[in-house]
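**Student:** Spelled out from the first residue to the last, the chains are:
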Amino acid sequence: MTNALSVQSIDQLTRDALDELNRIGEADGVEQWRVAYLGRRGKLTGLLRALPKLEPDQRREVGSRANQAKNALEEALARRTREIAQAALASQDALDVSLPGRPVVTGRLHPTTQIVREICAAFMAMGFSVVEGPEVELDHYNFEMLNIPAGHPARDMWNSLWIDYANEEGQQPMLLRTHTSPMQARVMEAQDPPVRVVVPGKCYRYEATDATHEWHFYQIEGLAVAEGITFADLKGTLYEFARRVFGEDRQIRFRCDYFPFVEPGVDMSISNFVDPETGRRPINRDEDWIEIMGAGMVHPRVLEGVGYDPQRYTGFAFGMGPERIGMLKYGIDDIRHFYRNDVRFLRQF
Amino acid sequence: MLIPFSWLSQYVDITLAPDELAHRLTMSGIEVGDVFTRGGWEGCVVGYVRATRPHPNADTLTLCEVDPGDGPPLEVVCGAPNVAAGQKICFARPGVMLMNMHNGRREELKPATIRGIVSEGMICSEAELEISDEHEGIIVLPDDAKVGTPLDDVLGDTFLELELTPNRGDCLSMLGVAREIGAITGQPVRVPEIGYAESDASAETLASVTIEDPDLCPRYTASVIAGISIGPSPQWLQERLNRAGLRPINNVVDVTNYVMLEFNQPLHAFDLDTVTDRHVVVRRASEGEEFTTLDGVKRKLSTENLLIADPAQAIGIGGVMGGANSEITASTTNMLLESATFHPLNNRRTSTDLNLRTEASLRFEKGLRPELAPIALRRATQLILETAGGQAAGGIIDVFPGGDTETPAVPLTVARLRQVLGMDLDIARAETVLASLGITTRRTGPDSLEADPPYWRSDIAIEEDLIEEVIRIIGYDEVPTTMLSSPIPYHQANPMTALKDGLRDALSAAGMQETISYPLVSIDDLNRLSVNGESGGGLALLRVANPMSVEQDIMRPTLAASILNTLAYNRGHNDGGFRLFEMGRAFIPQSTGLPVEREMVAGVMSGPRYDANWLSAGESLDFFDLSGTLATALGRVGIAVSLESHDHEMFHPGRCARVVVDAGSADGVGLIGELHPDIREAFDLGSDAVVYFEVRLDDLLEAGTNGGRFESLSRFPAANRDLALVVPADVPAARVQGLIERVRLVERAELFDVYAGESLPEGTRSLAFRIRFRAADRTLTAEDVNRAVNGLTRALEREAGATVRT
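Chains as they are written, first to last, in this note's numbering: chain A, 2 to 350; chain W, 374 to 1179.
By construction, these hints were calculated from the structure, which means they are not laboratory data.
If you're wondering where the values come from, they're calculated on a predicted model, not measured in any experiment.
Heads up, the beta-carbon is just placed ideally off N, CA and C, and yes, glycines get one too.
Hints should not be assumed to be uniformly reliable.
For lysine to aspartate or glutamate, the following EDC-like pairs were computed, each having C-alpha atoms within a straight-line distance of at most 16 Å [claimed, not checked]:
id : chain 1 : residue 1 : chain 2 : residue 2
1  : W       : Lys873    : W       : Asp1020
2  : A       : Lys203    : W       : Glu972
3  : W       : Lys873    : A       : Glu145
4  : A       : Lys330    : A       : Glu119
5  : A       : Lys203    : W       : Glu970
Selected chain A positions facing chain W (Cβ under 8 Å, derived; list incomplete) [claimed, not checked]:
id : residue
6  : Val137
7  : Ala233
8  : Tyr340
9  : Arg348
Bound-form chain A, shown alone (with noise of 0.2 Å):
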C-alpha cells in the first residue's frame, strides 16, 4: 500500500477527489465519483481502516484530519451536484419575456356605472340606503308633490317628454321622469321617519344637446328627514361626500339658488383644480369655483303633502349630475361620449 495513513496522505487523496470532482460534468458521474470516495468501499473509508493500528497520539490528530476531509468532501459533492442541475436548467430553452402573454379579455363598467357607484357609496357609509324608482314617472309625483303645480313658472326648469296616453279627463299623466327627485314623496309615503336615501337613475328632458347638456342622463337625489336635521348637517353631509369623491383638501361653497321644493334653496360648488404654477388650489375667483349640485331644506308644503309634520320633522335633500361630476374627475371634455358608447371612450374608465 504506496498511500500508508498519515496526515499527508488524507491531504492528498482530498486534493485529488475535489480535482476529479470538478472536472465531472453530469449527475451520473457525481453519483459514480461519491461512490468512489465517499462509499462503504470508498477510497476515503478505505484508507481509514487503518486508523486503529496507528498509535494513539497520531491516531487522534489523523483522525481529526479525515473528519475534516470527509466534511470537505460532502459539502463539494452537495455544491457540484447544485451546480450540475443548475447548468442543466440553463442550457434549456430560454423565453422571450418580452414576448406579449396569453390574451385573457376583460370588461370593465361604463363609467356612469363606476361614478354612480362611488357616489353612492360616499353616501351609504353616512347611513344612507339606494332605492330606485320609475322612469316612467306621474306628473303628480314629478311636479305636483315636489310643490310645482300645473302652470307654475317653475316648470320651465324641466321641459319634459311627454307619454303618448291620456286618461279619462283627457290629461297627459305621464311623462319621463326629469329628475329622480319624484322619489322622495315615494319613500316618505311609504314609511315613517327617519329617512335617508339617495336614488341613482336616468332622467329625461327635452333638450338641444351639446358639450355639457345631454337630453337623457342620470340623477342621484339625496334626501335625509328626521326630527332635528338642519342646514349645518346639510353642509357636513355634503362636505365629507365632496371630499370623499374629490380628495381631502376640497373646500365647499353654498350659495342661494331656487328649486320649488326645497326652502331655503342652494347650490353647491366645489373649489376648483389645483393651480399647476403654485400648486394651490385658488378659491378667491368665482371661476376658482364649480357647481356641481343643487340642495336644500325639504319644504314645509312637501312635507306636509306624504304626511309628516313640518313642525317637528325637517329635512334635507340634493341631487346632482353623476356625468357631470364624472366629466370634473376625469377630464372628459363632452357629455356626449357617454352615451355614444364607443369602446374606445369606455375602455379608458
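Keeping the supplied structure of chain A fixed, place chain W upon it in accordance with the hints.
**Tutor:** Structure of chain W alone, referenced to chain A:
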C-alpha cells in the same frame, strides 16, 4: 335681464367694483351670467355738426363742418344718410382705435382722402363703436351733450346680464335689483318720488271699469289723461330703453315700458276715444271669440283667456298684449292707462296656449302683488305728463274686489331659525337683515317677530321664506358644518339592486364591456328586429307624445335594438371583437297607469375571439363564447342555468335556446342564440356571426339563487374515469350530463370531447365525459367505481339510448 349701471345707479349708489358686485349678487341668489362694459373709446368726443354741404364728387357723401370742442372746426366726410347740421355726434380723430367695418378689425383711424377731399376724422355709427351691428346711420347724441366731452362719459356703461330663477321676478326691474344691492352693500335705496297735478274732473267720472272675473283679475287700476300729444320720447328716455334692450316707440308707450323696467309692473295705454262708452270690462273670452292683437295677428280664444273689453268689443288680452283697435296712435289725445293684477297661472296658460310670451306675461306669470298696481300707475302717469303733456284726471280708478282682506304677516322665531339652519341667530340680527331688504317687521316676543311681505316681493309667504332671506344675505359660510346626529334608519337592502350590481361585476369580469344607451328607439329599429315583418316586432309600444325626433319616439320594449345599434356604431369605428352588455329597463305599456318597467340584461358578441396574437389562431366569437360567459357570470351571482333548444324569429334556426334557471320554473328567464342573418344584415353588422342574449332580471330574482350554503369537504380521495358514449344525435348533451351527475358517488362530470363521424352509426354522436367519483366516508375501491360505472351505463342506455363506445 339687462341692467345698465347708468340707470341702476339712479336708485342706489354702487360702491363695489362690477365683478365684486356680480359675485355678491350671485351668492345671494341673483345670478349674474355676465358683466360687461361698453366704452374705452379713448380720443372720441362729443362733436357738433355746424354745417353740411354735398360732396362735390359723390352724391351719397356729405361734407360736414364738425366742432370737436377743443379747436377750430374740421372738415369730415360722412356717408350716413341721417347726418344733418345741428346734430351732436360721436367724433373720432385720426389716431383713435376704431372698428374698421371693411375688415372687421379694431385698428387705428388714419387720415383719408375720400373722392378727392381730405377727411379730418370720422362721425361714428354704433358698429364702429362696437355697440351694435348698426352701421347704416350715425349715432345722434342728445342735444344737451356737451361738445368736447369724452364719449366714454356719454355713451360708456357697465351692464349686468341676470339669469333669474322663476321666484325672483322682482329683479326683472331696476328697483328690484337696486334693493338687492342695497341689502348687500348697506346703501339706501332711492325710490322715485311720485306726484303730479290733477285736474278737478275725477277719473271715475271720465271712465269706468267693471271686473266680471275677479278670480282672474284681482285688481284693476287706471288713470285718465286728456290732451296729450304723441311724439318721440325725450332722448334720455329713449337712451335708457335702448340700453336695457327695448326699442323706443313713442312717448306714451315708452313710459309704460320704462315704468315696467323700473317697478316691474306692466302697464297698457288705451286710446280712450276708441273705448266704447269709456267703459272697460274685464271678462273671460267667449269660446271661439276672435281678437286681433297689436302685432296684427288674429287669435282665436277660449273661456280660459281673460279679455280687456269695452261693451262692444275686446280691446286687449289681459296681461299679455293689447289690441290694434285701441292702441295709442299719432293722433291719440285722450288716454286710459291700465295698471292691473292678473292671476299668474291663468296668465301663463293664456300666453302658452297662444304662444305669445311677452314682457308683460313674463312678469304677470310670476305673480305680482296688487299693492304694486296703483304705485306704478301713478309713476307712469307722472312721466306721461312730463313727456307727452296733457292733464291728468283727479284720482285713479281702482277696482279691487278683495281689497279689504289684508295680506297675512309672516312669523319668524329664533327657535325655527335654529331648527332649520342649525345655528343661533338673535332676533335683532334677523331684523337688521330684513330691514336692509325693505321688509317691515314687528316684534311679537323676545325671540320672535312678524314681517309684512313688501309690495314688490310675491315670493315671501312662509317662515322658511324669511329664513332664506336672512341667511342668503348673511351668507351660508356662517352656517356651521355638522354631521347628521339623528338616528340612522334601518338599512333596507334592495335585492334587485344587489342582483344588478353583482351581475354587472360578473359580466365585466368575464370579459364583457358595459354600455348604457338611450332608451328611446324608433319604429324602424324595432321593425328591423322582426324577420316576419311584424310592425314593432309585434310588441306593445309606449310612445312619447312630443319626441325630439322620429328616431327617438318609443320607449324601448326590448334592449335588443339598442345594443345592436351600439355594436353597429362600434364596428364602424373600431377593429376587433366586441363583447358588450347593457343593463336597463324594457317598457311595457299597461291599459291604465304607469307602464311595467322590466329590468333586463342583454349582451352581444361578434368578431374575432382575441386581438391578433402569436398564441392563438384567429377564431371568431361564437354561441359557446356567449353561453359560457353567461353561465359563468350567472354562476358568480349564485344562479345555475341550463339552455334548452328553442325557436325564435330573431335567431338563426337551430341556434337558439331558452335560458332556464335550474332551481326555477320551466318557463325560462331569457333567450340566447346566434342572430338571424336577416337581422344581422338589417342592423348592418357585417358577415361575422353575432350572438345575443337577453335575460329578465325580475324572473331571475324570482327563481332565486342557490348560493350561500356550505357543503362539507370530503377528506377521501376521488377516482376519475373517462367514458365515451354513443348517443342519438337529438339527445342534448346537457341531458346526458344530468343523467350522469344524478348517479350516486358521481361528484361531477366534464364533457371533454364531442365527435360525430364515419366510425359512428348514422344519427349518433359520441360524447366523452371525465367522471369524478367520490364518497364522503371512505376511499373508493376499484370495485366501487366499477359498480357505479355499470349502474351509470345501464341508466344512460335506458333513459337516453346511450351505449359505451368501445
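**Student:** Lys873 (chain W) and Glu145 (chain A): Cα distance at most 16 Å?
**Tutor:** Not satisfied, since the Cα-Cα distance of roughly 31 Å exceeds 16 Å.
**Student:** Is it true that the CA of Lys873 (chain W) sits at most 16 Å from the CA of Asp1020 (chain W)?
**Tutor:** violated, 28 Å
**Student:** Are Lys330 (chain A) and Glu119 (chain A) close enough, with their CA atoms no more than 16 Å apart?
**Tutor:** holds, 12 Å
**Student:** Hey, Lys203 (chain A) versus Glu972 (chain W), does the alpha-carbon distance stay inside 16 Å?
**Tutor:** holds, 13 Å
**Student:** Is the interface hint for Tyr340 (chain A) satisfied, with its Cβ closer than 8 Å to some Cβ of chain W?
**Tutor:** holds, 6 Å
**Student:** Are the Cα atoms of Lys203 (chain A) and Glu970 (chain W) separated by 16 Å or less?
**Tutor:** holds, 13 Å
**Student:** Minimum Cβ distance from Val137 (chain A) to chain W below 8 Å?
**Tutor:** holds, 5 Å
**Student:** Just to be careful: measuring from the Cβ of Arg348 (chain A) to every Cβ in chain W, is the smallest value less than 8 Å?
**Tutor:** Holds - the Cβ of Arg348 (chain A) comes within 8 Å of chain W, reaching about 7 Å at its closest.
**Student:** Identify whether the interface hint at Ala233 (chain A) stands, where standing means a beta carbon of chain W within less than 8 Å of its own.
**Tutor:** holds, 3 Å
Of the numbered hints given earlier, the model fails hints 1, 3; all others are met.
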